[in-house]
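Undergrad: Heads up: the protein sequence lines correspond to chains G and Y, in order.
Counting with this note's numbering, you get residues 4 to 195 for the letters of the first sequence.
Counting with this note's numbering, you get residues 38 to 350 for the letters of the second sequence.
Hints should not be assumed to be uniformly reliable.
[Said to hold, decoys possible] The calculated lysine-lysine pairs, modelled on DSSO-like cross-linking and capped at a C-alpha distance of 30 Å, are:
(1) G:K113 with Y:K157
(2) G:K182 with Y:K113
(3) G:K190 with Y:K157
(4) G:K151 with Y:K301
(5) Y:K113 with G:K170
(6) G:K73 with Y:K243
(7) G:K48 with Y:K149
(8) Y:K243 with G:K182
(9) G:K182 with Y:K163
(10) G:K73 with Y:K258
(11) Y:K301 with G:K73
(12) Y:K113 with G:K113
(13) G:K191 with Y:K149
(14) Y:K163 with Y:K146
For the record, the hints were derived by calculation from the structure and aren't laboratory data.
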Amino acid sequence: MNIQIENNPLRFAEELLSNLKASEDMGLLRCVQCGMCTSVCPGAKNSDYNPRDMVEKVLEGEESIINSEKIWNCFYCYTCHSVCPVGNSPCEVNQILRQIAIDKGIVNDKISPFAGYGDSFLDIGIGAMPKRFFMELNEDIEGWLDFKSELEEIRDELDLGPITIPKESIEEINVLLKKVDFDKRIKKMKSY
Amino acid sequence: MKSIPDKNILLFKSCLVSTEYPGIESSTKHIFDKIAVEYLIDHDQSCCTGLGYYSDVFDQVSTTLIAARNFHIAKKNDAKNLVVMCATCYAINKKSLKLLNSNDFLREKINKVFEDSSMKDMRYEKGSLDSLNNIFHVVEILFNKKDEIAKYLTVDLSKFRIATHHACHYCKVQYEDTIEGFRNPRILDELVEAMGFKTIDWYNTKRSTCGAGFRQRFVNKGLSMKVTGDKLLELNDESVDILVHMCPNCQMQFDRYQPYLSKKLEVDFKMVHLNVTQLIALAIGGNPYKIVGIQTHTVPVDPLIEKIPRNKI
């Protein structure tokens with residue numbers, strides 16, 4: 004009788020390792036499940052996010068982890084990355100899982116609020132905080148919008164140059180980013 | 038130990054410095070001019086994409102393409118040393134440069150984009166810049182010149198209790214390139230001490246993130262504020278007067294949300310938030326409004342300024 008091994012259980016982990024967001028020589032396959040990542044994680048301390056568990060699922064080939072709500076509680080603070088004894092980076096694993104979910108178009112509700120970062124980059128060459136958050140920021144931070152209206156004046160007082168970049172540079176950036184379909188990526192994020 | 042430059046520097050513009058705490062830029066320029074660090078600013082340089090990248094909006098190809106364009110601007114100006122004021126600019130540019138040098142496929146893809154866009158001169162040649170030796174945070178330039186800066190001190194801030202908040206994206210992302218430690222990061226403490234002031238050095242949450250967490254501040258505010266609040270509570274127990282920063286995003290999280298958290302937690306937080314360049318600019322006599330830029334702060338810095346003798350600033 005032939006024993007057929009149908010799946011390479013590490014195929015998913017290997018896919019993650021080949022992602023551009025993974026640092027060179029990321030120690031994903033060297034993970035010993037020690038839990039150091041979880042013990043230092045601000046997300047784990049204050050929510051049900053568990054980076055050790057997330058890495059375990061990746062190593063077991065459980066691709067459904069990309070559907071998990073919990074992975075959206077990572078702060079991208081890299082504390083796990085900086086203490087991992089085998090050079091793994093749960094923080095980067097998380098970023099890649101989110102990217103896979105985004106590429107599949109299954110988390111547009113999560114990502115669309117932030118699409119404004121892309122729009123403003125194409126408009127003014129700065130990834131500015133999306134306008135949809137302004138009112139809440141102004142409610143939480145007294146005088147924030149008033150300060151914004153005085154910003155140019157204050158920058159003059161400080162003898163600083165313009166915030167935005169010249170029109171020719173903005174056009175240049177648009178040409179470049181459109182060549183790698185960045186505009187389509189942003190458009191797709193917004194459709195749900 | 039990497040060698041730290043004092044010339045051929047592109048002072049890399051940051052979106053959050055420009056729009057939230059422009060005083061970080063004017064303070065940096067003030068100190069650089071004082072100690073004759075040669076730098077230039079090029080307004081063609083775009084933002085690094087960092088806030089969008091870490092909100093999962095920018096993919097790695099787009100971010101690296103933008104970085105390659107900015108690297109071209111640096112080289113064109115004979116300013117091949119990028120000096121950043123924001124920890125996320127530091128992490129983003131280092132990551133992109135490492136990829137451009139090590140990943141032939143990505144480099145060729147990006148060079149092809151430049152060619153197809155009639156911007157052939159922007160081509161990135163492998164090894165033309167180096168992540169370790171061409172990308173620096175402002176604090177590293179200052180650390181290298183700390184004794185020289187100290188000669189210009191006019192204001193004694195030693196009566197204030199000072200603590201430091203080391204930005205995660207400086208200390209923890211490319212931690213192998215960090216100077217003065219990352220398990221107990223001390224580069225800010227060393228800088229403050231070089232000015233003749235003391236810090237409280239280690240405290241339990243010293244390594245903790247500011248809590249901004251990119252998306253978390255905006256769509257998961259309870260989680261974000263819990264982390265920020267925990268750190269503020271410990272610093273408050275330590276009776277800290279000044280928290281010293283090195284990243285505008287961390288500074289925004291603590292300074293902008295401190296009054297909000299005071300209300301939520303019913304604790305009257307009084308500490309003031311200053312970037313290390315603002316603290317040093319103040320200590321060498323920089324005008325609080327024309328150099329240090331305290332007018333953009335949410336927690337008023339004036340009460341602290343009022344404790345400094347008038348003839349010193």
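Undergrad: Is K113 (chain G) close enough to K157 (chain Y), meaning Cα to Cα at most 30 Å?
TA: It is violated: about 37 Å lies between the C-alpha atoms, which goes past 30 Å.
Undergrad: Decide if the proposed pair is consistent with the structure: K48 (chain G) and K149 (chain Y), CA atoms, cutoff 30 Å inclusive.
TA: violated (45 Å)
Undergrad: Would you mind confirming whether the straight-line C-alpha gap from K301 (chain Y) to K73 (chain G) stays at or under 30 Å?
TA: holds (25 Å)
Undergrad: With a cut-off of 30 Å on the C-alpha distance, tell me whether K190 (chain G) and K157 (chain Y) pass.
TA: holds (28 Å)
Undergrad: Tell me if the straight-line CA distance from K182 (chain G) to K113 (chain Y) falls inside 30 Å.
TA: Holds, because 23 Å separates the two Cα atoms, which is no more than 30 Å.
Undergrad: So if I understand the rule, the pair passes when the alpha-carbon distance is 30 Å or less; does K182 (chain G) with K163 (chain Y) pass?
TA: holds (22 Å)
Undergrad: Between the alpha carbons of K113 (chain Y) and K113 (chain G), is the straight-line distance 30 Å or under?
TA: violated (40 Å)
Undergrad: Would the pair K191 (chain G) and K149 (chain Y) pass a check requiring their Cα atoms to be no farther apart than 30 Å?
TA: Answer holds: K191 (chain G) to K149 (chain Y) is near 25 Å, not above 30 Å.
Undergrad: Between K113 (chain Y) and K170 (chain G), is the straight-line Cα distance small enough, at 30 Å or below?
TA: Holds, at about 19 Å.
Undergrad: Quickly compare the C-alpha distance for K243 (chain Y) and K182 (chain G) to 30 Å and report which way the hint goes.
TA: violated (43 Å)
Undergrad: Is K151 (chain G) close enough to K301 (chain Y), meaning Cα to Cα at most 30 Å?
TA: Holds - the C-alpha atoms of K301 (chain Y) and K151 (chain G) are around 25 Å apart, at most 30 Å.
Undergrad: Does the alpha-carbon distance linking K73 (chain G) and K243 (chain Y) stay inside the 30 Å limit?
TA: holds (26 Å)
Taken one by one, the earlier hints fail for this structure at numbers 1, 7, 8, 12, listed in ascending order.
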